[in-house]
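Participant: Given next are the chains, with one letter for each unit.
There are 2 protein chains.
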Amino acid sequence: MFYIIGLGLCDEKDVTIRGLEAIKGSSRVYLEAYTSILMVQKEKLEAFYEKPLILADRDMVETESDEILASAEREDVSLLVVGDPFGATTHTDIILRARALGIPTRVIHNASIMNAVGACGLQLYNFGQTVSLVFFTDTWKPDSFYDRIKENADLGMHTLVLLDIKVKEQSEENLARGRKIYEPPRYMSIRQAVSQLIEIESLRQTGTLSPDTTLAVALSRVGGGSDNQRIVAGTLTDLVNHPEDAFGDPLHSLVLVGKRLHHLEVEYTQDFAVDLERWRNTAKQVYGCALD
Amino acid sequence: MFYIIGLGLCDEKDVTIRGLEAIKGSSRVYLEAYTSILMVQKEKLEAFYEKPLILADRDMVETESDEILASAEREDVSLLVVGDPFGATTHTDIILRARALGIPTRVIHNASIMNAVGACGLQLYNFGQTVSLVFFTDTWKPDSFYDRIKENADLGMHTLVLLDIKVKEQSEENLARGRKIYEPPRYMSIRQAVSQLIEIESLRQTGTLSPDTTLAVALSRVGGGSDNQRIVAGTLTDLVNHPEDAFGDPLHSLVLVGKRLHHLEVEYTQDFAVDLERWRNTAKQVYGCALD
Numbered sequence: 001m002f003y004i005i006g007l008g009l010c011d012e013k014d015v016t017i018r019g020l021e022a023i024k025g026s027s028r029v030y031l032e033a034y035t036s037i038l039m040v041q042k043e044k045l046e047a048f049y050e051k052p053l054i055l056a057d058r059d060m061v062e063t064e065s066d067e068i069l070a071s072a073e074r075e076d077v078s079l080l081v082v083g084d085p086f087g088a089t090t091h092t093d094i095i096l097r098a099r100a101l102g103i104p105t106r107v108i109h110n111a112s113i114m115n116a117v118g119a120c121g122l123q124l125y126n127f128g129q130t131v132s133l134v135f136f137t138d139t140w141k142p143d144s145f146y147d148r149i150k151e152n153a154d155l156g157m158h159t160l161v162l163l164d165i166k167v168k169e170q171s172e173e174n175l176a177r178g179r180k181i182y183e184p185p186r187y188m189s190i191r192q193a194v195s196q197l198i199e200i201e202s203l204r205q206t207g208t209l210s211p212d213t214t215l216a217v218a219l220s221r222v223g224g225g226s227d228n229q230r231i232v233a234g235t236l237t238d239l240v241n242h243p244e245d246a247f248g249d250p251l252h253s254l255v256l257v258g259k260r261l262h263h264l265e266v267e268y269t270q271d272f273a274v275d276l277e278r279w280r281n282t283a284k285q286v287y288g289c290a291l292d
Numbered sequence: 001m002f003y004i005i006g007l008g009l010c011d012e013k014d015v016t017i018r019g020l021e022a023i024k025g026s027s028r029v030y031l032e033a034y035t036s037i038l039m040v041q042k043e044k045l046e047a048f049y050e051k052p053l054i055l056a057d058r059d060m061v062e063t064e065s066d067e068i069l070a071s072a073e074r075e076d077v078s079l080l081v082v083g084d085p086f087g088a089t090t091h092t093d094i095i096l097r098a099r100a101l102g103i104p105t106r107v108i109h110n111a112s113i114m115n116a117v118g119a120c121g122l123q124l125y126n127f128g129q130t131v132s133l134v135f136f137t138d139t140w141k142p143d144s145f146y147d148r149i150k151e152n153a154d155l156g157m158h159t160l161v162l163l164d165i166k167v168k169e170q171s172e173e174n175l176a177r178g179r180k181i182y183e184p185p186r187y188m189s190i191r192q193a194v195s196q197l198i199e200i201e202s203l204r205q206t207g208t209l210s211p212d213t214t215l216a217v218a219l220s221r222v223g224g225g226s227d228n229q230r231i232v233a234g235t236l237t238d239l240v241n242h243p244e245d246a247f248g249d250p251l252h253s254l255v256l257v258g259k260r261l262h263h264l265e266v267e268y269t270q271d272f273a274v275d276l277e278r279w280r281n282t283a284k285q286v287y288g289c290a291l292d
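Line order of the protein sequences matches chains A and B. Heads up: the first sequence begins at 1 in full-length UniProt numbering, then just goes up one per residue. Heads up: the second sequence begins at 1 in full-length UniProt numbering, then just goes up one per residue.
Chain A extracted, bound-state conformation (with noise of 0.2 Å):
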């Protein structure tokens, strides 16, 4: 059997009985490091779980996935992954690969951001589609988010931006030289996604986003109720301005609070607000909310 097993979003507890048991049984236990990351070492992991682990990099689990389901037809093996198996494209290709070969697989889900960003206080049901914010370069800003998150707010619906995280990435001059050396991980951070977000809205200039009437979560390390989950709520300017450090530590997620926006979701979301006053007058005056 290959077990797909959702982690969670924290630490080594966040994992299911279910999950755990399937990972004691495993001959071998691959842990995907590169579509997210947990908020633990790999080896405070190993020793919870009482097994080795496998690194397995991007390119194990999209190109090599032969290496990870050999001989699963006739034992269990175990493919560790971040929050919820069906949160990247990647994992849909192995489990295709798994039924080519004839080999019987099971996922074990967990929480991912896409359910776990309900902790900020926004309704669930209030979410359009996820979209993803890449790290701008110089010459490579690619913009697309824009047009689904527009779709979103025509509708008035709330948007979960995932930030980009850049791990095992080699710099120009490594890769050009063949060198296996690879940069340190890197996360976006609040400040530079909303950054981001205003330079398109300043390029289009559709109305999608405005820096001082656009409300916006930002939210780091939500999850199994970690002490360090960090949910910080404000205008984009709010959060632009607010201190870097004051976010918690990555990963962190944002919202774009769509128009919809019902009061019971002001009044909970106003607890994490930088500016309680300017929380509620904006959802107020600009957002419609009935608020007293």
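Quick caveat, the hints were computed from the structure, so don't treat them as lab data.
In this list, chains with the same sequence are indistinguishable; a pair is considered to hold if it fits within one copy or across any two.
Derived pair list, reagent style DSS-like, types lysine-lysine, alpha-carbon separation capped at 30 Å:
| id | residue 1 | residue 2 |
| --- | --- | --- |
| 1 | 259 | 141 |
| 2 | 150 | 284 |
| 3 | 150 | 259 |
| 4 | 13 | 42 |
| 5 | 42 | 180 |
| 6 | 166 | 13 |
| 7 | 166 | 51 |
| 8 | 51 | 13 |
| 9 | 168 | 51 |
| 10 | 180 | 141 |
| 11 | 51 | 180 |
| 12 | 44 | 168 |
| 13 | 44 | 24 |
| 14 | 166 | 180 |
| 15 | 42 | 24 |
Chain A is fixed; fit chain B onto it per the hints.
Facilitator: Same frame as chain A, now just chain B:
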């Protein structure tokens, strides 16, 4: 501390280690038993958790939450919720109440249908807003869900449709006579859901749904990798003609496939198709999917 703990979607083994630790350390543990159902009996949960569980119905969670929260400022109290705690509005209510009382709260996340729906092979990124479908009666056929489905469909997005359940409902006679006698639980079937959708389409006639060319995926008991999981894919007509028992046991959910369908999504989902050829042909000809 007041804990709200997601139990995941299947049975007693879908709780996380963190959740189980919180349960074991709590003086009182409530089990919410109305917004959704687990697939196991309370007694089995109690045996596994080694804790007695107090059933909490809608009244208790929504209007008598002070009883649940009593003493939580000085000892640990847990409320167990099927899926993830942020699926239903009611849990933000009780957290707001805890806040007002100065009681520290922690949420322990888990899988919910909002992310486990990815098990059908449709990408979570391509989903728009989620809708709920309630049981129609002869005189009450609320159809605002249709507008939401149309909004998603117009943008080419998939729609997750959550099907109504009736737990602890009273008959009109028992209600009138004030007798606390409850009807057996009812769960909307896939066939009933599809019939209701087609009924509203025939009233509205916007062409959002078409019995013979709208693709849909029915899900039953997705979650912790249970043996009971069933996924059935087909046109709306395929599903409404499919044998009732072939959909598996409740709870069921339904996904309406949007026009942005990607060929990899078709390839993954076709394994669940009632009629493989029709599934692929419809994806190709009606949805414009680039398939061989």
